[in-house]
Amino acid sequence: MRDAYGEALLELGASNPEVVVLGADTTGSLKSGVFSSKFPQRFFNIGIAEQNLVAVAAGMALAGKVAYAGTYAIFVPGKCVDQIRNNIAYPFLNVKIVCSHGGISVGPDGASHQQVEDIAIMRSIPRMSVVVPADAVSTKATVKAIASIPGPFYVRLTRPTTNVVYDDGFDYGRGEAKVVLDGSDVAVFACGIMVPEAVKAAESLKARGVSAAVIDLHTIKPIDSKTIVHFAKKCGRVVTAEEHNVMGGMGSAVAEVLGEEAPTPMKRVGVMDTFGESGEAPELLIKYGLTSNQIEAAASLLASSPGLAVESAHRGRQTEGGSNH
Amino acid sequence: MEAAQEVVRLREIARNTRKLILESLAEAGSGHPGGSLSAVELLVTLFFRVMRYEPKDPAWPERDRFFLSKGHAAPLLYSILAQAGFFPVQELMTLRKMGSRLQGHPSMGIPGVEAPAGSEGIGLSLGVGTSLVAKLDGKGFRTYVLMGDGEQQEGQIWEAAMSASKYRLDNLTAIIDRNGIQQDGLTEQIMPLEPLAAKWRAFNWNVIEVDGYDFPQLLDGFELAALTRNRPTVIIAHTVKGKGISFMEWSPTYHGTAPAKDKLLDVLSELG
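Sequences listed follow chains G and Z, in order.
Counting in our numbering, the first sequence runs from 393 upward without gaps.
Counting in our numbering, the second sequence runs from 7 upward without gaps.
Please note that a few of the clues may not be correct.
Below 25 angstroms or equal to it, Euclidean Cα-Cα: the simulated DMTMM-like pairs (lysine to aspartate or glutamate) are [unchecked claim]:
1) K172(Z) - D417(G)
2) K536(G) - E160(Z)
3) K471(G) - E160(Z)
4) K145(Z) - D574(G)
5) K625(G) - D560(G)
6) K430(G) - D143(Z)
7) K141(Z) - E403(G)
8) K141(Z) - E410(G)
These are computed hints drawn from the structure, not numbers from a lab.
Build the full structure now, drawing on both the sequences and the hints.
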């Protein structure tokens with residue numbers, strides 16, 4: 393994904409002279425540094441000063457630029473929410489915040505670096521668009537497309553290499569969910585690295601006679617209510633899957649839509665309101681329940697109980713402290 | 007003689023600005039007089055002598071940029087913009103009212119306002135951004151940022167200060183309204199700022215200290231800032247919170263208390 397980000401920036405740099413890129417001492421890791429070798433004048437390393445990073449980007453957008461600013465996700469939505477709210481979203485500026493290292497798959501750095509609250513924070517800010525691409529192909533397409541969509545964006549990428557979902561290419565449409573697999577028994581809405589997991593779950597469910605639809609809800613805000621309601625009504629059961637706290641994230645956004653427009657039995661797969669820990673990404677994803685198996689289990693449970701009322705989606709799973717609902 | 011007449015002209019604008027600030031705040035029934043009154047001469051100098059702008063074309067690309075970082079001084083900014091011709095003076099009486107463009111703190115959609123403000127400490131970074139773009143695009147416009155002294159306690163100001171000197175932004179001038187008082191009391195008691203000038207020098211800024219009510223000093227300060235190469239300039243203007251109204255001067259209470267409407271005539275009489 394990070395390579396895709398770097399490639400997208402390079403292409404944007406060549407095609408759009410108004411594009412500037414700002415980083416905060418992680419530009420090598422984010423691959424935004426490749427932009428600096430080609431367009432040194434339009435590249436600004438602001439140092440370890442994230443609040444200044446996003447606010448300088450706002451100033452550059454005020455003066456007519458399309459400003460891409462980013463670092464690791466843990467250092468931006470939480471640390472800079474005031475600057476993002478007041479300097480970028482309120483005046484509706486052309487600042488594209490693209491952060492890598494979202495979610496728990498950051499791995500060995502541990503909980504201090506595992507951002508599982510960013511979708512919740514960013515989608516609560518008016519005028520902000522929030523996107524979590526599923527793979528490198530859609531990352532590149534998204535990063536390029538948003539340059540010409542006015543207003544602020546938050547795009548969340550992950551650290552590990554991701555599985556390819558879109559080998560035939562990807563056209564980014566703001567607020568337009570992508571149907572990856574059609575199905576009729578259960579609708580799985582996923583974002584980020586959980587999209588390929590959902591596809592895997594659907595294949596396994598199919599072998600057991602359950603037809604699962606997989607929808608890539610890459611844009612969590614503005615949310616594609618139409619597609620959500622359509623598939624909820626068609627399938628009658630909904631599972632959401634995200635590498636984020638189940639509170640306030642994509643699953644919550646889907647629940648908000650369905651609660652008002654089409655109440656549907658539903659389960660959320662995600663981080664169960666807990667902090668992560670050090671470990672390799674695959675180990676952590678298993679421990680914290682972010683796998684195709686968990687999606688499959690949630691879907692099976694719903695499919696075997698058609699009228700099921702919503703109950704704890706994480707029954708039997710290890711959680712830490714506090715209630716989840 | 008000519009210079010003396012010019013000072014008389016600027017003083018008259020300053021007097022009228024104070025009147026408009028107090029009238030609009032009394033009409034609103036809430037707001038921040040202290041930090042508006044303290045910085046009147048700073049903005050009068052900027053908007054009526056120093057800056058280039060076009061009130062009929064607020065988006066003129068070559069205009070100098072002004073950012074109010076101490077957003078609570080909105081009544082001051084609005085009073086200046088109205089007198090400069092960006093919108094009718096009568097509109098000032100809609101300050102803080104439902105449906106008015108003149109929000110309690112600056113927001114987009116008010117002619118002449120470059121950016122929202124209100125959360126302390128975040129305005130200087132915006133000025134760094136526009137100054138970088140001016141350098142990048144070879145534009146001649148300058149950027150001015152008015153900060154409060156209390157907000158010097160915010161960490162982001164110093165992040166912005168570092169970045170401005172890294173990029174040698176000699177097209178950026180910051181102004182500090184050094185009135186010594188913040189909402190809870192004296193800055194030097196709440197969280198001491200001194201030695202403030204030395205801090206800015208240590209961040210590689212050109213530091214100019216002036217009497218915030220002495221127009222020739224202010225004019226010289228801005229001229230010197232424009233002549234300075236390879237470094238941003240900060241003008242530390244020594245001012246008085248609530249300047250011009252005896253019971254508001256040096257008073258933390260009038261940081262955020264509007265004058266009573268029924269006492270307005272008495273208050274205005276102090277302006278002469």
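Hinted pair K536(G) and E160(Z), Cα distance within 25 angstroms: violated (35 angstroms)
Hinted pair, alpha-carbon criterion (25 angstroms max): K430(G), D143(Z). Please report holds or violated. holds (17 angstroms)
Pair hint K145(Z) and D574(G), alpha-carbon separation not exceeding 25 angstroms: violated (54 angstroms)
Given the hint that K471(G) pairs with E160(Z), test it: the Cα-Cα distance must not exceed 25 angstroms. OK: K471(G) and E160(Z) at ~14 angstroms, within 25 angstroms.
Does K625(G) pair with D560(G) here, judged by a C-alpha cut-off of 25 angstroms? Measuring from Cα to Cα gives roughly 29 angstroms; hence the hint is violated.
Satisfaction of hint between D417(G) and K172(Z), Cα-Cα up to 25 angstroms: holds (14 angstroms)
Given the hinted pair K141(Z) and E410(G), is their Cα-Cα distance within 25 angstroms? Holds - the C-alpha atoms of E410(G) and K141(Z) are around 14 angstroms apart, at most 25 angstroms.
Check whether the Cα positions of K141(Z) and E403(G) lie no farther apart than 25 angstroms. Status holds; Cα separation ~23 angstroms.
This entry does not satisfy hints 2, 4, 5, going by the numbered hints stated previously.
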